[in-house]
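*Asks:* Residues per chain are reported as follows:
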Amino acid sequence: MTLRPFVIAAIALAATIGSSAMLWAQQSAMRSVWDGVYTDAQANRGKAAFEQNCAKCHGGQLQGMDEIPPLSGGHFMADWETQSVADLVQRIHNTMPMDNPGALSTASSTDVVAYLLSQNHIPAGTAEIPVDASMQSQIRIDPNKPGAP
Amino acid sequence: MLHRKALIARLSSVAAVALTPFLFVGQAGAQSGQPYGQPSTAKGDWPMYFADPSGSRYSPQDQINASNFNKLEVAWHFKTDSLGAKPEYKLEGTPIEVNGTVYTTAGSRRDVIALDARTGELKWVYSMNEGVRAAAYAPRQLSGRGVSYWTDGNGDERIIYVSPGYRLVQLSAKDGKPVDSFGDHGMVDLKVGAYTGVIGQPGVYKQIDLTTGEIGLHSTPTVVGNIVFVGSSFKEGSQPLEQNNTKGLTRAFDARTGKLLWTFHNIPQKGEPGYESWLNNSADFNGNTGTWASMTVDPELGNVYVPVEDPTDDAYGGARPGNDLYGDSILCLDMNTGKLKWFYQITHHPIWDYDMSSPPLLADIVVDGKPVKAVAVPNKQAFLFMFDRVTGKPIWPVTEKPVPQSDVPGEKTSKTQPFPSKPPAYSRQAITNDDLIDFTPELKAKAQDLIKKYYKMGPMYLPAVVSNPTGGFPSASLTIGGLSGGTNWPGAGFNPETHVAFLPALNAGVSLFGLVPLPEGLSDLKYDEGVGGQPFRIGAGPGFGSASDAPKVSLDDQRLQAALAAHPQTSIGPPPPRSVDGLPLVKPPYGTLTAINMDQGSIMWQVAHGDTPDEIKNNPALKGVNIPKTGQAGNVGEVITKNLVVMGDPLYSTQPGHPRGSYLRGYDQKTGEQVGAVWMPAPQSGSPMTYSFAGKQYIIVAVSGGNYSGDYIAFSLPSGN
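Protein chains in written order, with numbering that gives the first Met the number 0: chain A, 0 to 148; chain B, 0 to 720.
Just so you know, these hints were derived from the structure itself, not from any lab. Computed from a prediction, not measured in an experiment: that's the story for all the values here. Virtual Cβ for every residue (Gly too), placed ideally from N, Cα, C. A couple of the hints might just be wrong.
To be clear about the criterion: a stretch of chain B counts as covered by chain A if any three or more of its residues have a C-beta under 8 Å from a C-beta of chain A, and this derived list gives those stretches [to be verified]: (1) 81–91; (2) 576–589; (3) 604–615; (4) 647–655.
Using the sequences plus the hints, can you model the full thing?
*Replies:* This is how it looks when you write it as structure tokens:
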């Protein structure tokens, strides 16, 4: 059947509005790290990678040392709040550990971030942090659960 | 292309590494034909790391003042990402400025840059690739703390710095080219003359390997007259693997030619005074004891003032019984001969990491109506020791008082330590029950329980304990100020017109000192810092191994892995916690700024520096609790102008109306009142400086941290103001 031009235009317009709405919905679909964004299994993999690569500078308890920042607690959260998981993963992947940057693949760096979240009392969920950077960029690091009283 | 191992082996056997400098050649400064003469803060310059040879960090500028500080805007900024093979997140430099050009270090390869002082335009870059000497073996990496300047006053201007590979390099200030007549085509190999053992004893004396030997420097050399004073520094961290480490040196070189003028042995050789303070001839086989902070100079008296750090093994001194001169001492040396005029040891038999952490301040003061040429020594221990800088006599009485003694096998602590009667301590020196977190009674009780379970409390100078291998009490001694201060590397400053010193301090630097035996076969050291029941770890410094082209596994870690392969270690369980529900163990203030009247030896005012951290402010557990401004924990430095002290925050925070960031604050020198705060995109990581050029005053501060890579930001007032 042939559609009248008006209908075609209307459908086209609806499609445009629909895709814009989807785009808007995507952009405002930032999740918080408090939304159950990693799994225990992922954090355990991250723990192993952390002990191998990170603990020597940041400490076995993530306490830092002298000028090396701690990775749990207020200082860490102050450094990373409002940044995305992608930012932290990229920082680790590109510059850490300091004596062997690039040793941690993006996947391992993501696992390490899962471990860091677990050590900052952020609860696990049922799905892993994806390795896809664009999806990681949609997860925001919040020091406290948003909307907490 | 050689395989990496073969390349390292090849380079190790070669005395001189082929350097591959890169130079972007521009021209610095659009000067008139007249030579500029000697620069000075009076002329509006900032010609040294700390402004002038006295270490004041003071410039008499007043265009930026209390009435307009909040109007400051970014005049220009220089982002450092593209310098070095990867961006640097630890930019600690304080630039210098002379007659319209800013000079500083930047980037993970410690490049030297020259910028137009009005616009930040890049005029030239000097970059030297030192290969593995810098990348793998340099104990002090990344961009360091800046550069120094020398001129003959007649148009010959040079920039001087110490490279990561520990070379003293001189560049033409005009175009950044190495000065051919200085040293070996522009450089002096500072590793030549660095040694372990005993001079004059073949087989015992060992010149360190020029590629792999451990010695380096972050701080700037001090240039006064025609002399360049250079210190020495070693690996950060508290797990050395050698007792017989490289020996700390203080040296002076001719500024024109690079000729070595003199060497002072921070660890005395046999026959030199102080040797006997190391019992059992232990001076022969100990090291470190370097000069890692910059020196200050009184050219009228002809003296250089030298701050000396700890001997080998910050927390255990069993292999160096005795007072260990000149560890943790301030020295007064003749600037022309290096001869020792006087010294004062601030901590006897150093085992608290109480290095002399910052440049001594040379202030002319008036005590009881009489003028005194003084030297004031800011410190990690938060005592501003003050001496007559001519004689070395303390200005106010210092009493040797009994202090706790160590029960660690083989350790023999000094029975007493010096306590000055004035000025009073300006930040925490010990942790008592009154210092514990007290936002709520429940939190305080948790802190008390935690300490009772794991940590030994005591007064100042509480020594380390052997960390219980079962993980119980005592895991460590609970001390404060040792590792991070007090006042650390950014140091302090003073207003020479008012005789007031301004001391930044970290007031929450909890330092846990527990000792563990090293893994079998790893080292001759008996104990290093560690946690009982946990696998031994070598804490690497934040810059170590981080330079461009760093190889895969550090030498130390290779040795450790080999030792652990032979004798594996396992963890008995989670180590003891160090915080209370994620909150700091001690109560605020976490960071402070203190004004001390040096004429009277009294504290004028003290304020918390920095807004309350977000994690405290927004913590659900603390909702409803009234918490005054806490200040922030960190090590930051200041610049002092005619009426202000200016210092940035060490942490990010989110304040109403602003995105997350940090703040550069101005304080009234007389009252400590904050007169303004301007937003910065990241925390201060290098101490600020100020200069005036073409009628405009600027403040430059280095910021970096978290997700924000190094950036030099220059603030000034809006045009027309």
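*Asks:* The region 604–615 of chain B covered by chain A? Criterion: 3 or more residues, Cβ-Cβ distance below 8 Å.
*Replies:* This one holds; 4 residues, not fewer than the three required, reach chain A with a Cβ under 8 Å.
*Asks:* Counting residues of the region 576–589 of chain B that have a beta-carbon nearer than 8 Å to any beta-carbon of chain A, does the count reach 3?
*Replies:* holds (count 6)
*Asks:* Would you check chain A against the region 647–655 of chain B, counting CB to CB pairs closer than 8 Å, and say if three or more residues qualify?
*Replies:* holds (count 4)
*Asks:* At least three residues with a C-beta closer than 8 Å to a C-beta of chain A: is that true for the region 81–91 of chain B?
*Replies:* holds (count 4)
In summary, the structure agrees with every hint in the numbered list given earlier.
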